[in-house]
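Chemist: Protein chains in written order, with numbering that gives the first Met the number 0: chain A, 0 to 346; chain B, 0 to 346; chain C, 0 to 346; chain D, 0 to 346.
Don't read these hints as lab results, they were simulated from the structure.
What you are looking at is a predicted structure, and each value in this text was computed from that prediction instead of being measured.
By construction, the Cβ of each residue, glycine as well, lies at the ideal position given by its N, Cα and C atoms.
Just so you know, not all the hints are guaranteed correct.
Stated by the list, open to error - Interface residues of chain A toward chain C, partial, derived using beta-carbon atoms under 8 Å:
hint: 1; residue: Ala22
hint: 2; residue: Tyr179
hint: 3; residue: His180
hint: 4; residue: Gly182
hint: 5; residue: Asn185
hint: 6; residue: Ala186
hint: 7; residue: Val218
Said to hold, decoys possible - Output of the computed footprint for chain D on chain A, the stretches with three or more beta carbons under 8 Å from beta carbons of chain D:
hint: 8; stretch: 33-43
hint: 9; stretch: 249-263
hint: 10; stretch: 290-303
4 protein chains.
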Amino acid sequence: MAKIKVGVAGYGTIGMRLADGVAAQEDMELVGIADLKPTLSLRALNESGMPYDLYLVDGADKADFDEAGIPVKGTFQDLIDQVDIMLDSSPAGVGAANKEKYYEPNGVKAIFQGGEKNSVADVFFHGYANYEKGVGKDYLKLTSCNTTGLIRSVDALDKDWGIDKVAITIIRRFADPGDYHRGLTNALKMDKAPTHQAVDLMTIMPHIDATGILVHTPVTHGHIITVVATGKQKITREMALESFKKHPRIRVVRIEDGFLGNASLFKYGRDLGHKRGDMYEIAIWEDSIVESGDDIMFAINIPQEAVTIPETMDGIRAAMKMQMTSEEGTAETNKYLNIGGFKKFEK
Amino acid sequence: MAKIKVGVAGYGTIGMRLADGVAAQEDMELVGIADLKPTLSLRALNESGMPYDLYLVDGADKADFDEAGIPVKGTFQDLIDQVDIMLDSSPAGVGAANKEKYYEPNGVKAIFQGGEKNSVADVFFHGYANYEKGVGKDYLKLTSCNTTGLIRSVDALDKDWGIDKVAITIIRRFADPGDYHRGLTNALKMDKAPTHQAVDLMTIMPHIDATGILVHTPVTHGHIITVVATGKQKITREMALESFKKHPRIRVVRIEDGFLGNASLFKYGRDLGHKRGDMYEIAIWEDSIVESGDDIMFAINIPQEAVTIPETMDGIRAAMKMQMTSEEGTAETNKYLNIGGFKKFEK
Amino acid sequence: MAKIKVGVAGYGTIGMRLADGVAAQEDMELVGIADLKPTLSLRALNESGMPYDLYLVDGADKADFDEAGIPVKGTFQDLIDQVDIMLDSSPAGVGAANKEKYYEPNGVKAIFQGGEKNSVADVFFHGYANYEKGVGKDYLKLTSCNTTGLIRSVDALDKDWGIDKVAITIIRRFADPGDYHRGLTNALKMDKAPTHQAVDLMTIMPHIDATGILVHTPVTHGHIITVVATGKQKITREMALESFKKHPRIRVVRIEDGFLGNASLFKYGRDLGHKRGDMYEIAIWEDSIVESGDDIMFAINIPQEAVTIPETMDGIRAAMKMQMTSEEGTAETNKYLNIGGFKKFEK
Amino acid sequence: MAKIKVGVAGYGTIGMRLADGVAAQEDMELVGIADLKPTLSLRALNESGMPYDLYLVDGADKADFDEAGIPVKGTFQDLIDQVDIMLDSSPAGVGAANKEKYYEPNGVKAIFQGGEKNSVADVFFHGYANYEKGVGKDYLKLTSCNTTGLIRSVDALDKDWGIDKVAITIIRRFADPGDYHRGLTNALKMDKAPTHQAVDLMTIMPHIDATGILVHTPVTHGHIITVVATGKQKITREMALESFKKHPRIRVVRIEDGFLGNASLFKYGRDLGHKRGDMYEIAIWEDSIVESGDDIMFAINIPQEAVTIPETMDGIRAAMKMQMTSEEGTAETNKYLNIGGFKKFEK
């Protein structure tokens, strides 16, 4: 079977990781990436040998790239002409414009990231919670980083024991490492409740009542979410742990093993030798799981830079009908991204 | 009636505010404060005219104070000899030793802060939730800053509608402004669950099932707690708001009015002209209150430096039988600390 | 002699402190303040009893203030009609527009803050370094917070020993406490050299060669500047210390006394009981002063929120010819702001 | 020629990078690493396939490692028996004890990191500034991260133009990513001057007069140092730039290319695909270089986690007489660590 040909629009925090993710899928081919300016990330890509072909989006000035010594392969249209599907991680709103101007006229499928409006896509997608709804569709929108990780955990409990209701508290990292265009200094910042991640969860899992509060914090390594979940039956600590431990994209970690917080997980990813120190799995602290009457409460770590990459690969598989079920699709993604291998190191 | 004579042991973050709090109570007299070293806070007190008499605890070297030009009035025993009751905000463990060596032998009552073990006191005390249990007792221990503020909000709902269960997420400030002996840099830090504040709440309010998770954050201005509360009946957003708005020690604030987070409240306290910019009230964001099925969820701001001062004044009133009920005792405290006056500025 | 009538345009971080500063000058009268929106600071002013009359600038909607329950006295023109001089701490650029539309047509003098272009004023002013140039002038522009504090220290050395050259490193706080509109998270940020504060110093002190580098840091309490100064003669550690100790607006502090950094000075200001915990003096660490060959090196703390207030009061005195010399003008300002009184607490 | 056999004691932030550094030198063999506890870093090493053999130092309990599933090869003595030279990155003081108990009795050479006292070694070593002094010596001590990077830049100027004097300001990162045992929150912290890095520079380069001030900042990615250097002749901006650009371990970067601060360089290292995102080179901002009279001023970025690795490899080469000159020794190190290759990407 011919490899599925994939392009990436927008080589930012998400886009660069999508490109690496596609390049690791042996049944896909990364045709190229597209961007507007010779950013720091593109300069680094160039210094590392320019492994991916670069195409320029509308408005880009090739002279800027020449001046930076970064080779350019062609135009955005040139890229579109070669691909089956685009992963669009452009700034919010640009994806919708790309759809109208490039994807629809050229019959190219696309997967949009969390910044676009839901209306841009046929399906708001999650690889575990609603894979089948994405099968064969032209336009998918991925859940955002927090929602993607949150749904993994809630879906794990829901599949095993049934979930009726969740109340979440998102302790959000405000910026990514290296961000200078946004920041927060010595302050916690409130968002109006309910936070959109709870609303988004209900779109994907409409049988669950979800709400929550989001508080921004001045850190860069990983969101932490606490979840108070009400099951269809009482879910004990042991039942929850069982569900989490068997999920390939969830790491169950312990404070006593040195996982003291989000920065420990960032360090761990670096020490594993992962590119950029990235982590595809969310972590759940075993020491955080407590029973609250008949509810179960726990805390999740969301590695915001990389967490949506596997589910986006799942999305390609669904949209392109590479695999027809969540079980098969996620298994292929996991194999190529080497997800779940850590399980054998557990005691 | 003669004024109640009060001393303060330990002139740190809490102790200095206890001293100011007592000095503001017209039916009490601050006899003096006691400490070990010529700290920055004592140097500031001295520069501002040394309004309080200073006594030296065991182990202090008067030469250190002479060198700093700080006048000393006498020994700890000299202070004990003049007081009816001591507020002990010494480092953890020192309070228990003081009790054995000074308070019990001299027949002096005492109120301990959150760092001491519960066993040091006859009653673990909160001015609203269990004032009556403290009446006439010799030794009280105050709830910690987070617990004090949390109980205000839960007690407000409990008195009006009945509460069965709470699940809390504490987003904790790691250090106070000016702290150099502890710090956290670009990291969120997990504590083992359940967090002690939930356990402490159950000690004060044994009819409630409480648990929760605490996450440390690298900021200095105010903890934020989210609470998921299960009522004996469904508590609507309006019902919760009604309970919070009428509580003298709770400010209901709104993001749209500029209360964007904990740092806004710190700024607001400074702009009010309060000494040190302190705030005695907790704040609850009106925009954070959401219904989660039959549960109610909301977010509280805890001004950690000053929040326990009013409840400690309540404790003096209870222990010294100055007022016999929570209603009367808290009203006197509020009057002298000018708490609740802000209500008239509300729309 | 009739009191000089002063108005303040813009009740932000600087404006609110200018208002308090004027109110403390017994030979001046604060006629009122002017602003555009019912900000958090105005809400706090209102809750504290609305001690200052509020006027609305162009574009303000009185309904917003009515809704917030904040009383309004009149229009900006109403304020202008009553004053001799305006202190303009409006957002950058607005001051110049105000000058053209209000100050010039009404024959009102004005002092602008650092955000305006130098061309808005007749003189770029500092109370110690060039007071006499401001005497009788209509329009002054104050140096920015860093430049104001820096010049105090360099002028102190220059007056005593002569200075030829300075090379500075500004370790800048990125935001003020309570700021949510700007922030920096886990990053140091470079500015292009030379930094404007060095250029500004040369405008005020043209006989000195100044350059420097500015690095932004994610903190809110006080800039720190290191200075490498080349004297006309070798300036020893003792000579520098002598100059700094006798300056009323410089505090010489020591690490061993507990002044561990900028946050210690913020805490000290709060513990002194100053409104908002503000500090008018810069601090110089005695433990930082070192000789570098024939140069002298030292570190300054700049309390960015309040440091320009005294020099602005000096500016009023100069512009209004209240005092004709720096010595007399600054002495009056210091008397009313209680600056220099701390000297008596030194060992 | 047989490969030089190297062991690493202490698998912390520095030790793990030393091990990787040695493993990359084709003329060396990493025999193994040694540590005390199953740290997070060792857990990560194990999950990544345990590429290095682990030996246990005195006091280690093998049961702890068994429980964590981490294989152990032998004792510290077993490691010592196989090596020619040890890289000791144990906690401060342990290196000296190791020398007495293990290295001297077994005739094994050793290189100590910055935490040990200078007296532990025959030579305080830097690969560029005094390589020849280390040739054939038994015990070397490496300069600390700041000193190592600082000396690179000063030595570059000194070799080309001659340097008489430097005055430095170190804007220090307080913790590494993932550190929870130390932290600083919303504060700058002063050290007593002169800072030790200036003193250390004089030990290595005794013909230079050096002093400076160190200020700690609450960030984790890279120290920034500003240097005011006095040459034997006037060094212009162009002369300095020329010296910096030709140095293999110095990157000259520009703000306008996106290198906005220390966090940009951390991001750049990650995007290059370097293990852990590490960077061996220091960076100097072209936009920071300014002339201060006859002095030259500039700002350096020090990637604290990895910067000493190349100079330590140099140290092995010197101590083991693998190369007899700085030029040859550093060239070999650079070749195997792929340092200087970035030069071809410059415009």
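Chemist: Run every hint past the structure and note whether it holds.
Modeler: To see whether the hints hold, each was checked on the structure:
A least Cβ separation of about 29 Å between A:Ala22 and chain C goes past the 8 Å threshold, and the interface hint is therefore violated. Against a cut-off of 8 Å between C-beta atoms, the interface hint on A:Tyr179 holds, since the closest Cβ of chain C lies about 6 Å away. Given hint, A:His180 at the interface with chain C, is violated; its Cβ is 11 Å from that chain's nearest Cβ, farther than 8 Å. At about 4 Å, the closest approach between the beta carbon of A:Gly182 and any beta carbon in chain C falls short of 8 Å, and the interface hint on this residue holds.
Here the hint on A:Asn185 is kept, as its CB sits about 5 Å from the closest CB of chain C, short of 8 Å. The restraint placing A:Ala186 at the interface with chain C holds, with a minimum CB-CB distance near 6 Å, inside the 8 Å limit. The beta carbon of A:Val218 is positioned within 8 Å of a beta carbon in chain C (closest approach about 7 Å), and the interface hint is therefore held. With a cut-off of 8 Å between beta carbons, the stretch 33-43 of chain A has 5 residues touching chain D; three or more are needed, and the interface restraint holds.
Chain D is given as covering the stretch 249-263 of chain A, and this holds because 7 residues of the stretch bring a CB closer than 8 Å to a CB of that chain, at least three being needed. Judged by the Cβ-Cβ criterion of 8 Å, the stretch 290-303 of chain A is not covered by chain D as claimed, because only 0 of its residues qualify and three are needed.
When each numbered hint is compared with the structure, violations occur for hints 1, 3 and 10.
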